[in-house]
Each structure stands twice: as structure tokens, then as C-alpha cells.
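Heads up: the protein sequence lines correspond to chains A and B, in order.
Sequential numbering from 1 applies to the first sequence in this note's numbering.
Sequential numbering from 1 applies to the second sequence in this note's numbering.
Think of the hints as simulated: they come from the structure by calculation, not from any bench.
A virtual CB, placed ideally from N, CA and C, is assigned to each residue, including glycine.
A couple of the hints might just be wrong.
Straight-line alpha carbon distances no greater than 25 Å define the calculated DMTMM-like cross-link-like pairs of lysine to aspartate or glutamate that follow [to be verified]:
#, chain 1, residue 1, chain 2, residue 2
1, A, Lys151, B, Asp246
2, B, Lys242, A, Glu136
3, B, Lys114, A, Glu70
4, B, Lys242, A, Asp36
5, A, Lys53, B, Glu408
6, A, Lys151, B, Asp259
7, B, Lys221, A, Glu136
8, B, Lys228, A, Glu136
9, A, Lys151, B, Asp198
10, A, Lys63, B, Asp82
11, B, Lys185, A, Asp54
12, A, Lys63, B, Glu223
13, B, Lys247, A, Asp36
14, A, Lys63, B, Glu110
15, B, Lys270, A, Glu136
16, A, Lys151, B, Glu409
17, B, Lys325, B, Glu110
18, B, Lys323, A, Glu136
19, B, Lys221, A, Asp36
20, A, Lys224, B, Asp82
21, A, Lys53, B, Asp419
22, A, Lys224, B, Asp120
23, A, Lys151, B, Glu223
24, A, Lys63, B, Asp419
25, B, Lys114, A, Asp50
26, A, Lys63, B, Asp198
27, A, Lys151, B, Glu110
A few chain B residues that don't get close to chain A, going by computed Cβ distances all over 10 Å [to be verified]:
#, residue
28, Gln89
29, Ala179
30, Asn357
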Amino acid sequence: MKNRIQLSLFLIPGLLLYVGLFVFPTLTGLFYSFTDWDGVSPSYAFVGLDNYKDSLSSIVFRKAFGNNVEFMLTVVIAQTFISLVLALLLVRNTKTRIVLRALYFLPAILSSVSVGLIWAFMYDPSIGLINYGLNEAGMSSIARNWIGDPKIAIYSIAAVQVWAHAGQMMIVFIAGLQGIPAELYEAARMDGGSKWQVFRKVTWPLLAPSATIVVAYTTIQSFKAFDLIFTMTDGGPNYATEILTTYIYHTAFGSYSFGLASAGSMIFLVLLALLTLLQFKALRADRVSY
Amino acid sequence: MKKNKKLILPLVSMLVMSILLSACGGGDNASSGDNGSSGSGKVTISFMHWRGEDSEALNKTIDAFEKENPNINVEMQTLPSDQYQSTVQSKISDGSVGDVFASFPGAQFEAFTKAGLFTDLSGSSFLSAYNPKLIEAGQHDGKQYAIPYQLVYNDPIYNVKLFEKYGLTLPKDWEGFLALCQKLKDNGIIPIAFAGADIGPGQFMNTMVMNNAPSDDIFTKVEAGEAKLTDEFWVKTLTQIKELNDKGYFQQDALGTKDPAAGALFIQEKAAMLASGSYQLAQNKQQNPNLEQKLLAPITVSADQAKYEGVHTTTFMLAVNSKSKHPEESKKFLEFLSNPDVASDYANQTGQNVTVNDVKYDTPELQVAGEWASKKTVFQPRFTILNGDNQKAVTNSIQAVLSGTSPEEAAQQAQAIIDQHIGK
């Protein structure tokens with residue numbers, strides 16, 4: 001009993017920080033979501049559920065939600081696949097693996113604002129490095145208006161998101177791969193399994209915990225993306241890359257509708273929680289143990 | 001153990017959302033001045049604004065002010081303009097910082113007025129130092145709440161030497177403007193460098209719409225539901241912008257070009273016009289000292305129908321915080337900034353025109369804007385749209401036509417968004 005009390009005391013500072021810095025702002029946001037507060041005035045009026053109704057019926061909110069889903073699916077699929085391939089290639093004991101791992105991981109330590117600014121410059125259709133390189137390499141037909149064409153802008157940003165974080169997820173997969181006992185592979189090989197069969201029957205099922213982490217983390221990370229889109233396109237052109245976080249930002253600080261933005265945040269919170277829950281449930285079913 | 005795992009999900013979700021919200025809320029972590037009288041009887045006032053690039057010039061101004069007023073100390077705090085837009089209200093609302101602060105015209109000025117953050121400066125003697133027409137943007141209900149200090153002409157810039165080389169004269173109507181663009185294009189010059197990805201639509205719409213809707217309150221009417229973007233004035237504006245794009249008068253893929261890249265095309269003299277404003281003149285000259293630049297506005301109607309020659313904006317609106325503990329000292333600082341000699345120094349050091357009368361400009365770039373003082377200009381139409389989302393809907397309709405949507409449809413889509421905001 002004494003031990004329990006002592007342990008609880010250690011929790012208090014963390015708990016205070018959590019409540020003060022995270023729970024309190026969330027509850028404050030919830031409160032303001034029922035008001036017409038403009039973010040500046042000392043006074044506000046309660047408007048009930050109006051902000052929620054307005055958000056859900058807003059053309060821009062709906063467009064942002066659609067873009068959010070599109071962005072998230074693109075990033076989750078591409079990032080999981082690429083990071084897995086990188087991990088499978090770099091888990092081997094080659095001389096260059098340390099250097100290559102570091103190189104692939106490097107973008108993860110850069111600030112996303114810097115990444116956004118640099119990539120926006122590289123994507124520029126007139127003076128950007130990407131189109132210049134493609135033209136010089138005789139591949140002008142591939143050159144595009146990467147972030148200026150509403151049809152492809154969101155995918156161009158998704159590519160940057162994947163570039164920035166695939167290396168990070170590669171490390172998770174490498175850790176998972178290194179945790180698989182070598183004797184399982186030996187047994188599979190002795191049974192005459194092909195490389196693909198070994199991967200399908202041994203590697204992939206035992207990588208499920210790592211995959212769960214990668215997919216869940218990538219889903220959350222891409223769903224709440226903000227910095228990259230804000231710096232690269234600010235939601236444009238013509239709302240083609242507007243997602244829920246940029247919509248919330250523009251509503252709060254562009255049109256001084258803090259109440260409406262708070263309602264948008266709350267809806268966003270619920271969506272994110274549901275998404276995370278669904279994922280954990282779906283992916284947990286795949287887990288195997290040995 | 002199972003229970004704990006179940007707890008993790010909502011906690012993780014809540015954590016993520018909380019971080020997002022707390023970031024949006026913008027904690028006040030700026031270092032504040034003592035904002036009070038020290039033991040020596042010296043008063044410190046805080047001056048908050050977004051123009052970090054003017055810090056050097058303003059520091060000299062502050063030094064001169066402190067020399068003249070030894071009992072007042074001015075502490076300057078700057079924030080990047082996007083952060084200023086999102087966090088300044090939380091910083092200045094209790095009066096602990098920002099005794100003197102700057103505000104953007106339009107949505108921010110409206111919100112601050114509603115929140116009662118401004119001290120009424122009406123009747124202050126230093127107001128007579130300003131051109132009365134140019135400080136109207138700082139008025140509300142007949143009261144002068146802020147003084148717009150900077151003056152910008154939001155008209156495209158043109159390369160004088162290139163115009164002379166091809167024997168081009170300033171067009172007086174739409175046909176003339178198209179002919180001018182065609183001549184430049186025929187000679188391998190990009191007629192207009194257009195930053196379609198960021199500032200281009202917001203800047204260029206002003207001169208394009210000024211004669212299609214020759215009034216200073218057309219967008220006020222749109223926001224009041226008394227006019228619509230689907231009316232002729234805006235559909236015509238979009239049609240003309242589309243025409244410029246379809247005829248290749250903007251650089252290729254203009255919608256993906258950002259401000260620095262469009263500026264580079266003009267500075268390198270690959271483009272004859274730059275769809276921005278007078279604020280860009282000094283920077284262009286710095287990067288290409290051979291440039292000779294002036295301003296020109298496309299006239300979208302026939303010569304006899306043209307009411308306005310260009311567009312002006314008055315911004316960097318200086319105000320005294322209504323919660324300031326030192327309003328008199330703060331007003332004294334504004335009074336000092338209103339002195340034509342002080343304003344001249346500021347203008348010449350920063351390359352920005354000002355609204356103060358009798359200012360002496362040193363450089364040809366500043367004098368260019370000075371020439372426009374006698375022309376018939378209208379206050380920037382985009383800034384008369386007070387809701388940020390509505391502003392975005394309007395400028396996005398320009399991006400929509402540049403990406404292939406018909407002007408009618410783009411206008412309709414933007415109007416649908418504005419309709420949702422009307423009455424809220």
C-alpha cells in the first residue's frame with residue numbers, strides 16, 4: 001500500500017502537465033465550439049449546435065474531408081510499402097547498410113516547414129529542379145505542374161510526406177525483422193519454401209506488430225498533416241489541397257470564426273479517434289505469435 | 001492489462017488533438033517589457049508589429065525618439081506576418097504588451113474593432129500630418145482607430161526599357177492591353193509574370209475588377225447579399241483573366257508559380273510585367289540595378305468607361321492598445337512617427353511609401369509610387385472583403401478558371417461558398 005502511494009506521487013507532475021497542457025485546452029476548445037466567439041472579443045454568445053451543423057454542411061469542410069481521406073490513403077499505402085521494401089533491403093548485413101539507413105532516415109530529422117519550402121521550390125514549373133532534371137534527361141513528357149495542377153497537387157505533396165517519413169518507418173520494420181528468430185527461416189527453407197512463400201508465411205505474419213505501428217502511426221500522422229500543405233500550397237489551388245487542419249486554421253485565423261473552427265476541431269478529433277480505433281481492431285486480428 | 005490497452009486509444013487520440021488545439025490557441029510566450037514605470041520614473045512601452053524587415057530602420061527611429069523623450073523607453077517586438085495574423089490578439093488583449101501595435105486592414109481590423117482593442121485617436125493633432133484620404137482604412141463609425149502608415153499601389157509593375165525597345169505605349173482600353181501583350185509575346189517576352197500559386201490572384205484581381213465594377217463597395221455588397229459573384233462584373237473579370245491565360249500572356253503553368261519565381265522572371269527581364277505591386281519595386285531594383293520600373297494597370301473596359309487608373313492599399317495600421325497603461329506615451333510615439341522627417345527616413349530606409357504628407361523620397365522606385373498620388377485610384381477591392389473565407393473563395397475562383405473551369409461555373413462555386421457565410 002505504501003509502495004502504491006509512493007508510485008502515485010511520481011505520477012503527479014506528469015498528470016498535472018497532461019491536464020494543464022492537453023486536457024484543459026481540449027475542453028476549452030469543446031466549450032468554444034458551442035459559441036460564436038471570434039477569437040478576439042471579450043464576449044461571445046452560445047449558439048448550441050449551430051457550429052457543428054455549419055461545419056458539416058460547409059462546402060469547403062466537405063471538400064477538405066475528401067482531400068484528407070485521399071491524402072491519408074495515398075500516404076499510408078505508399079509509405080507502408082516503401083518503408084517495408086527499404087527495410088527488407090537494408091536488414092541484410094551489407095557494408096553500406098549503415099550509411100544507407102542513415103541516408104533514408106535523414107529526412108525525418110528535418111523540420112517539415114523547411115521540407116515544405118524546399119520541395120515547393122523544387123516543384124516550381126519554371127525554375128524548379130524536378131522539371132529541369134526531367135527536361136534535361138529527355139523526359140519532358142513526365143514534367144508536370146506538380147503543385148499547380150489541382151488534379152495532381154495532393155499526390156505531389158503526399159510524395160513529399162512519404163519521402164520525409166518512409167525512412168523513419170523503415171527503422172520500425174527493421175526492428176521487427178530483426179526480432180524474427182532465424183530458425184524459423186531455416187525451417188521454412190528446409191521445407192523448400194520459395195522466397196515469396198517465406199515472406200508470406202513467415203515474415204509478414206510475424207511483422208504484424210510492426211505493421212500495426214507503421215500503419216497506425218502513418219494514418220494519424222497523415223490525417224493530421226498541416227505544415228507541409230500550409231507551406232507548399234496553403235490549401236490551393238482552388239481548395240485542391242485543403243484538408244481539415246488547414247480548413248480549421250483558415251476558419252480560426254483567416255475569418256476570425258474561432259467557435260466554428262473549434263467545432264471543426266472537435267469533429268476532427270472524433271474522426272481521428274474512430275480511425276485509430278478501427279485500425280487497431282483490424283490490425284490486431286492479424287497478429288500471430290510463435 | 002487489457003483495460004490499460006483499451007485506455008491507450010482514447011488517450012493517444014486526445015493527445016494528438018490536444019496538441020493541435022493548443023498549438024492553434026497560441027500560448028503567450030513572448031517576452032514582455034516591464035510595461036511600467038521603473039524606479040527612475042522611466043516608462044517602457046511595447047511596440048508590436050510584423051515587419052521584421054524594417055527592424056533596423058525602426059530601431060534608429062526608436063533611438064531618436066528615446067533621445068527626444070528620455071523618460072520613455074520603447075521595446076520593439078516583431079512576429080512573422082502569418083504568426084502575427086494568428087497570435088497577436090492573444091498577446092495584446094490584456095495590455096501587457098503591444099501598447100502600440102500594428103493591424104492589417106480588412107478582417108483583422110474589423111475583429112479588433114469589435115473586440116474594443118483600439119484607443120480612439122480621433123482629434124489627435126498628429127492626424128493632420130497625414131493625407132486624410134489615405135487613413136480612411138483606419139476608421140470605423142467615424143472614429144479614427146488606427147493610422148495606416150504604409151502606402152502600396154497594387155498595380156502591375158512594368159519594365160520601362162523593354163516597353164521602349166518594342167515601341168509600346170500604355171494601353172487605354174482592354175483591346176490595347178491585349179495588343180500590347182501580343183506584341184511582347186511575338187517578341188519572345190513573357191507579357192505578365194503571374195504568381196498564381198500564392199499572391200498572384202489576390203493582387204491581380206484588384207486592377208482587373210476596378211473598372212468592371214467601378215465602385216469602392218462592390219464586395220461589401222456581395223458580402224451583404226446585395227450583389228453576387230455570378231453578376232456580370234465578376235464573370236467578366238474571370239473571363240478576361242482566362243483570356244490572358246489562354247492566349248499565353250502569363251508564363252506557362254502560372255498556377256504552380258510562387259511569388260519568388262514570378263519575381264525572378266521579371267528581374268531577369270524574361271517577363272515585361274509583374275502582377276504584384278509597388279512594394280516589390282525596391283527589392284527588384286536591388287536584385288537587378290539595371291531595371292527601370294513603373295506601374296501600369298490593365299484597363300478592362302473601353303477608354304471612356306474607365307473610372308479608375310489603379311489601386312492603392314494603406315496598411316501597417318498603427319494603433320494604441322485600449323488596455324495600455326501608458327496611452328499618452330504611446331500617442332507620443334505615434335506623433336513622433338508622424339513627423340515628415342522621421343517618416344522620410346523610414347520610407348527611404350525600407351523602400352516603402354508612406355501616408356504622411358511632405359515626405360521626401362530618395363529613390364526613383366519610391367518616386368514612382370509618388371507619381372501615383374495624383375491618379376484616380378480605388379482602395380484595394382480584395383481588402384474590402386471582410387471575411388477571410390470569402391476572400392479565399394473569390395481568389396480561388398481565379399485559380400479555378402486558370403485550371404480550366406468555365407468563368408460562369410467558377411463564379412457559381414465561389415458564390416455558393418459565400419452564400420453559406422452570409423448571415424453568420
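Hint check results:
1. A threshold of 25 Å between alpha carbons decides the hint, and for A/Lys151 with B/Asp246 the separation of about 19 Å falls inside it, so the pair holds.
2. A threshold of 25 Å between alpha carbons decides the hint, and for B/Lys242 with A/Glu136 the separation of about 31 Å lies outside it, so the pair is violated.
3. Taken as a hint, the B/Lys114 and A/Glu70 pair is broken in the structure, with Cα atoms around 39 Å apart against an allowance of 25 Å.
4. Between the alpha carbons of B/Lys242 and A/Asp36 the distance comes to roughly 38 Å, so the proposed pair goes past 25 Å and is violated.
5. With a C-alpha separation of about 29 Å, the suggested pair A/Lys53 and B/Glu408 falls outside the 25 Å cut-off, and the hint is violated.
6. For the given pair, A/Lys151 sits about 22 Å from B/Asp259 by alpha-carbon distance, which is consistent with the 25 Å threshold.
7. Restraint check: the Cα-Cα separation between B/Lys221 and A/Glu136 comes to about 51 Å, which exceeds 25 Å; the hinted pair is violated.
8. For the given pair, B/Lys228 sits about 48 Å from A/Glu136 by alpha-carbon distance, which is inconsistent with the 25 Å threshold.
9. Annotation: proposed proximity of A/Lys151 to B/Asp198 holds, straight-line Cα distance about 18 Å (limit 25 Å).
10. At roughly 24 Å between alpha-carbon atoms, A/Lys63 and B/Asp82 fall within 25 Å of each other, so this suggested pair holds.
11. Between B/Lys185 and A/Asp54 the alpha-carbon distance is near 47 Å, which puts this suggested pair outside the 25 Å criterion.
12. With a CA separation close to 22 Å, the supplied pair A/Lys63 and B/Glu223 stays within the 25 Å bound.
13. In summary, the hint linking B/Lys247 to A/Asp36 is not supported, as the alpha carbons are separated by about 46 Å, beyond the 25 Å threshold.
14. Taking the CA atoms of A/Lys63 and B/Glu110, the gap is near 28 Å; set against the 25 Å cutoff, the hint is violated.
15. With a C-alpha separation of about 21 Å, the suggested pairing of B/Lys270 with A/Glu136 holds against the 25 Å cut-off.
16. Taken as a hint, the A/Lys151 and B/Glu409 pair is honoured in the structure, with Cα atoms around 17 Å apart against an allowance of 25 Å.
17. The hinted pair formed by B/Lys325 and B/Glu110 meets the criterion: a straight-line CA distance of about 23 Å does not exceed 25 Å.
18. A hinted pair counts as satisfied when its Cα atoms are at most 25 Å apart, and B/Lys323 with A/Glu136 does not qualify at roughly 61 Å.
19. Distance hint between B/Lys221 and A/Asp36 is fulfilled; the C-alpha atoms sit about 23 Å from each other, no more than 25 Å.
20. Restraint check for A/Lys224 and B/Asp82: the C-alpha separation of about 20 Å stays at or below 25 Å, so the hint holds.
21. For the hint pairing A/Lys53 with B/Asp419, the CA-to-CA distance comes to about 15 Å; that is within 25 Å, so the pair holds.
22. Pair hint A/Lys224 plus B/Asp120 does not hold up; C-alpha atoms about 42 Å apart against a cutoff of 25 Å.
23. For the given pair, A/Lys151 sits about 30 Å from B/Glu223 by alpha-carbon distance, which is inconsistent with the 25 Å threshold.
24. For the hint pairing A/Lys63 with B/Asp419, the CA-to-CA distance comes to about 16 Å; that is within 25 Å, so the pair holds.
25. Restraint check for B/Lys114 and A/Asp50: the C-alpha separation of about 21 Å stays at or below 25 Å, so the hint holds.
26. Of the supplied pair hints, the one linking A/Lys63 and B/Asp198 holds, its CA atoms being roughly 20 Å apart against a limit of 25 Å.
27. A hinted pair counts as satisfied when its Cα atoms are at most 25 Å apart, and A/Lys151 with B/Glu110 does not qualify at roughly 36 Å.
28. Once the 10 Å rule is applied to beta carbons, B/Gln89 is inconsistent with being away from chain A; the minimum gap is 4 Å.
29. Every Cβ of chain A is farther than 10 Å from the Cβ of B/Ala179; the closest lies at roughly 25 Å, confirming the non-interface assignment.
30. Under the 10 Å C-beta cut-off, the non-interface status given to B/Asn357 relative to chain A holds; the minimum distance is some 32 Å.
When the structure is compared with the earlier hints, violations turn up for hints 2, 3, 4, 5, 7, 8, 11, 13, 14, 18, 22, 23, 27 and 28 and for no others.
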